[in-house]
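Here's the letter readout for the chains.
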Amino acid sequence: MNIFLQATFEGLSLGAVYSLVAIGFVLIFRATDVLSFAQPAMVVVGAGIISYFSTQIGIPFLFAFFLGIILTGVLGLILERTFLRPMVGEPVFSVAVLTIGIDILLRVVLDNWIGINPKYMGDPFPSYGNFGSVNIAGLTVKYLEVTALITALMLIFVLSVFFKKSKYGVAMRATSLDQEAALAQGINVGRVFGLVWFIAGLLAAFAGFFITGGFNTLTNTSFISALRALPAVVIGGLDSITGAVVGSLIIGLTQAYVGYYQFDIESAYNIKLGNGFSIVAPYVIMFVILIVKPDGLFGTEEVERV
Amino acid sequence: MLSVQNLEVVYQDVILVLRGVSFDIPKGQIVSLLGSNGSGKTTALRAITGLLDTQNGDITKGKIFIEDEEITNAQPSKIVQLGIAQVLEGRRIFSELTVRENLRLGGFTANDSIDENIERVFTLFPILKDRDKNTAGYLSGGEQQMLAIGRALMSNPKYLLLDEPSLGLAPKLVQQISELILEINSQGVTVLLVEQNANMALKISSHGYIMETGNIVMDNPSSKLLQDQDVQEFYLGLNAEGTERKSFKDVKHYKRKKRWLS
Ligand SMILES: Nc1ncnc2c1ncn2[C@@H]1O[C@H](COP(=O)(O)OP(=O)(O)OP(=O)(O)O)[C@@H](O)[C@H]1O
Ligand SMILES: [Mg+2]
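Protein chains in written order, with our numbering: chain A, 498 to 803; chain B, 16 to 277.
Hint data in this document are derived by calculation from the structure and do not stem from the laboratory. Among the hints, erroneous ones may be present.
[As the list claims (entries may be wrong)] Some chain B residues judged to face chain A by a derived CB distance under 8 Å, without partners named:
1. 87
2. 91
3. 95
4. 107
5. 109
6. 112
7. 119
8. 120
9. 128
10. 170
11. 171
12. 241
[As the list claims (entries may be wrong)] Which bits of chain A does chain B cover? Going by a derived footprint, with three or more residues having C-beta under 8 Å, they are:
13. 542 to 552
14. 616 to 625
Positions of the beta carbon are idealized from the N, C-alpha and C atoms, including for glycine.
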């Protein structure tokens with residue numbers, strides 16, 4: 498039972514982090530009709546910027562953290578303005594390919610900078626006792642994971658208030674629903690596009706920190722974790738924020754359960770799933786769900802044309 | 016006065032849809048713009064409010080003025096700020112948002128007067144007040160049209176451009192909408208009314224333009240158009256013989272050129 502609770506907690510925390518990436522992806526898709534495959538790259542770039550400021554420039558971690566978050570948002574804004582804006586009205590597929598190009602560009606630059614030594618975030622989490630964790634009722638709970646879960650939940654809450662109450666939040670929803678009608682109200686749709694990419698950048702950088710914080714470190718393979726947001730989005734349905742969160746939790750839990758139970762299952766059934774199975778498992782889940790629900794759990798059918 | 020002069024519009028670089036259209040909407044009046052399907056009425060409205068961009072359309076010739084300011088190719092947000100609001104064809108309310116959220120969005124450029132404008136809209140359309148928190152997509156067709164008009168009023172427009180507000184409404188509701196348009200006009204809003212329902216439009220407007228395949232083929236005071244035999248035949252369904260609808264080009268009326276046409 499304890500192992501189950503342990504796996505569940507870790508899975509939820511992971512899922513909450515993935516959901517930040519997934520929400521950014523969905524926001525961009527809904528408002529601008531762009532499938533941004535550059536979103537996972539923004540995650541590691543965000544982590545890179547935080548690490549650069551706190552370990553290389555040497556400014557205090559919290560400043561580096563918020564600077565990294567803001568700068569990643571600004572990077573999103575710049576990418577939208579320079580690469581995506583001129584592509585408005587082009588076929589969804591061409592634009593998606595463009596974002597893959599952006600993804601490669603960002604990662605090549607970042608990987609060059611990372612080199613072969615893992616980069617630390619300069620955060621205080623590793624210095625907490627017991628390797629940054631605490632025992633609660635028999636569970637080994639990492640401070641980083643608790644913080645990730647709480648922060649992600651808070652961000653989701655703040656976003657939902659923003660979309661419900663703020664002028665630009667409601668304008669973003671309107672633009673997602675009907676761009677021409679939004680323009681006719683005098684909404685500056687270009688500004689909305691920029692804002693969406695800014696927010697997606699912020700969220701990506703938050704996720705980037707939680708994926709690479711503590712002892713996890715930023716390496717050339719951190720990207721693989723960020724990439725799990727994509728099956729999460731597909732599971733949830735490309736255009737649903739609820740779907741993005743639920744899909745992410747499913748992916749996070751899958752990953753954790755596979756990590757904890759794979760050996761038991763393998764010996765019980767005398768099969769061999771392989772070392773990398775926890776990496777593949779999210780995609781297996783994705784295929785199974787897509788067979789049952791081709792539009793994802795919460796997606797609208799219309800999206801299928803993509 | 017809102018003035019459209021010799022406007023030419025092309026979609027996708029090749030499809031010529033407006034071929035030198037000119038019309039004036041004098042302040043305080045209701046002017047109607049009539050024409051059969053595909054004649055270019057909606058395109059003319061899009062050109063005025065800067066919405067051609069999203070449709071891959073371009074103004075290739077001509078000018079648009081509000082009072083003395085040229086607004087040809089201006090940004091939609093600027094045009095709304097200058098006092099022109101358009102009610103899109105087919106209502107186009109934000110279906111997943113509430114009635115109030117729709118109204119607030121209509122006031123996007125007029126932040127300071129949102130509360131008083133909502134009150135004004137609720138006075139005009141009391142039914143919307145009852146539906147305040149409802150999801151707009153669940154309103155009836157008539158209520159949605161009222162919401163679309165109310166939303167447009169939220170920006171304090173001097174000019175209201177209505178694209179087929181009677182579309183798909185029962186006769187009783189059409190009557191109600193036309194009374195509301197008169198009421199809005201009496202509050203000082205100038206109206207351009209695009210309609211298929213020529214009878215309704217001509218009854219409440221002072222002047223009417225008739226458009227066909229991208230040209231204005233006739234323009235006259237509405238009372239005169241209502242009497243006109245050809246208009247009766249083509250737009251008012253008073254064609255006794257029940258013959259096929261002819262084109263205006265086949266009859267004696269010819270395009271009356273405006274003086275700024277070369
Ligand atoms: N986005 C577009 N791209 C290409 N052609 C278009 C586009 N929108 C309209 N058209 C064409 O332009 C012509 C005029 O269309 P428009 O919508 O302006 O007519 P309308 O008078 O409003 O018709 P209706 O009464 O049916 O609304 C039509 O032939 C139409 O097919
Ligand atoms: Mg039309």
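Taking the hints in turn, this is what the structure says about them:
1. 87: 17 Å, violated
2. 91: 4 Å, holds
3. 95: Holds: closest Cβ of chain A sits about 3 Å from residue 95 of chain B, inside 8 Å.
4. 107: 4 Å, holds
5. 109: 5 Å, holds
6. 112: Interface hint status for residue 112 of chain B: holds (6 Å vs cutoff 8 Å).
7. 119: Given a least distance of 7 Å, the restraint on residue 119 of chain B holds.
8. 120: 5 Å, holds
9. 128: It is violated, given that the least Cβ distance between residue 128 of chain B and chain A is near 14 Å, above 8 Å.
10. 170: 6 Å, holds
11. 171: 11 Å, violated
12. 241: With a minimum Cβ separation of about 31 Å from chain A (threshold 8 Å), the hint on residue 241 of chain B is violated.
13. 542 to 552: Contact hint for the region 542 to 552 of chain A vs chain B: violated, 0 residues under 8 Å.
14. 616 to 625: n = 0 at 8 Å, threshold three: violated.
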